[in-house]
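Q: Chain residues, written in single-letter form:
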Amino acid sequence: MKLHEYQSKQLFAQYGIPIPRGKVAATAAEAREVATGLGCPVVIKAQVLVGGRGKAGGIRLARTPEEAEAVAAAVLRMTIKGLPVNRVLVDEAANIRDELYLGMTIDRAARRLAMIASSAGGVDIEEVARTTPEKIVKVHIDPFLGLRDYQARDLAWGIGLAREHWGDFTRIARALYEVFMDSDASLAEINPLALVTNDEGRMTEGEGRSSSPLGPPSSALRLLALDGKIVLDDNALFRHPDLAELRDLSDEAPAETEARLHDLSYVKLSGEIGCMVNGAGLAMATMDTVKMFGAEPANFLDIGGGATAERVAVAFRLILSDPNVKAILINIFGGITRCDEVARGILEGMREVKTNVPMIARLVGTNEEEGRALLQQANFITARTLMEAARKAVEAAREYSG
Amino acid sequence: MSILVNRDTRLLVQGITGREGQFHTRQMLEYGTNVVGGVTPGKGGEWVAGVPVFDTVKEAVEATGANASIIYVPARFAPDAIYEAADAGLPLIVCITEGIPVLDMIRVRAYLDQRDTRLIGPNCPGLLTPGEAKVGIMPGHIGLPGTVGVVSRSGTLTYEVVYALTLRGIGQSTCVGIGGDPIIGTSFVDVLRMFQEDPLTDQIVLIGEIGGNDEEKAAEFIDRYVTKPVTAFIAGRTAPPGKRMGHAGAIIEGGTGLAADKIAALEAVGVRVADHPEHIPDLVAENLP
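Protein chains in written order, with the numbering used here: chain A, 1254 to 1655; chain B, 156 to 444.
Simulated from the structure, these hints should not be mistaken for lab results.
If you want a taste of the chain B side facing chain A, the calculated C-beta under 8 Å gives, among others: (1) Ala230; (2) Pro256; (3) Arg262; (4) His296; (5) Arg308; (6) Gly367; (7) Ala390; (8) Thr393; (9) Ala394; (10) Lys398; (11) His402; (12) Ala403; (13) His431; (14) Glu433.
EDC-like mimics (lysine to aspartate or glutamate), calculated; alpha carbons at most 16 Å apart, straight line: (15) B/Lys372 <-> A/Asp1360; (16) A/Lys1544 <-> B/Asp430; (17) B/Lys398 <-> A/Glu1505; (18) B/Lys398 <-> A/Asp1504; (19) B/Lys398 <-> A/Asp1487.
Remember, predicted model here, so these are calculated numbers, not experimental data. Think of the CB as a built atom: it goes at the ideal place given N, C-alpha and C, for glycine as much as any other residue.
Hey, can you work out the whole structure from these sequences and the hints?
A: So this is what it looks like as structure tokens:
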């Protein structure tokens, strides 16, 4: 589950990471109020859960409260990569001298916790890793020791940060580690972690600074978390009911929300062959086989274990909520559950479903003949192999649309 | 003719009194697995399917001489069950549980890395040495004793492939489900090493999927150390980036974890990669004497 920038930064601030003064707004009028309260110039930032907001024009400067209102109105009308902008963050503008990157993540390849820093901040870190990997430094962290100060200094030294900022950098790194662990995150990043200056008067002056937990800066330059991103581990949300409430449903297709509430794994795709499969690996293999016959899968859907009537009913509802679906391919491996029982479950689950969309079913396992016979009686197209099932589904979809 | 589990396995079931635990204990006993005891805190002294239940793993190991444990415990209690089994000195732990928080698994890995305990899973179907022992939730009837080692990140996709091999009369030495989570106890490389060293495994089937780089690491290892033929299948060529495909670990992130890259890495070291799961038995058959 992803958190918005404003949510991430609020969490950062609770752990003592300095962030710009700012407030989220849902209307242009609210944005103007916030801008008036903060003092201009301000930055208006679209709050959507995708990267590349800046390039899409979703991050803009406003020099007056009037301009803030106009800019916010424009940004709130935007759709970025398919997601509507429902809120903007209005932040005081910062006078940026340098942009760094600091992120806490799970290094899957090493199967360890990692903190990553880079002198190339403000851009996509994966892009930096590809093009200029020498600008990235990484430390692995023992979860029983936690982040040690020397490791934070290793990062600061590694990215060439001036010594006078090492103390603040270490405090920020420690706080980022804590927010990551406490919230069961899989990613917590500050990008950019900017070196800003107070030179230009009220641009960065104000309550935000005096209340900064880092205390008075030792020089004109100080570190400030200008942008933030946190991704939480869905499997750990049971420990964090407060964070679970922050979920933005506009980030999910409605069918994905319903699937989640029923504990099913569903991902909407753009093709025409609906897929209902037990098991994630088999579901992906089924989608891939559909593609081999020149069609595209409409979804990923794992109905889990034994294909019970209740799960099948929800699965049919989810698949048929997509108007692009022109055929449904059901691929079930009846492991411990016998195939005739699986077939009965499918038929019972279908009882409430009214549709002309052709159904193609393949059942494998004990009693598969009996299972197939039951489904044939109910007008299913049946198949013995996955290849045969995928071919028949693609053919049926072409006829259905024709 | 196997790795990890066989007739000598003396199995403990953690979470034996739960619904899943009871059901699969009966399934494993029916298959002939030597289930010597079960553990559920607070239920010591009870019996499940003729198997004695103990309060703690330590007590159960002392009383039964167990040398392996299978965990059917809900996600929020599963890490504790793993630590308990490791502390009792069990050399092999298989964890079926799905949905364990990833930071819990980071701690589990850091802990186990300093001991001589092997963890299989979590979020896996377990192990099957056909004709000898079934440890986990794989349907027993799909296997046939033989010489093909199977290792996979999936559940039903593994069953599908194993069953297809069996229908062709091609038996398996051991089928290993390593699990679909991002942080797991045993990787492809670990299992490839065991199959390579197992005198009764003649060839290997590897079933991977999108996410992470375990398949790429497997390819490097195969190139250096594996002399037995390897046939592979990678699921998820049509999976979009940034979306979790059912398994917590099946996600393309930041341009890594793509099926195409994994297939290319494996093919580059001479592994034959099947286009679809039903193609695997054909490729395996070509390696038979």
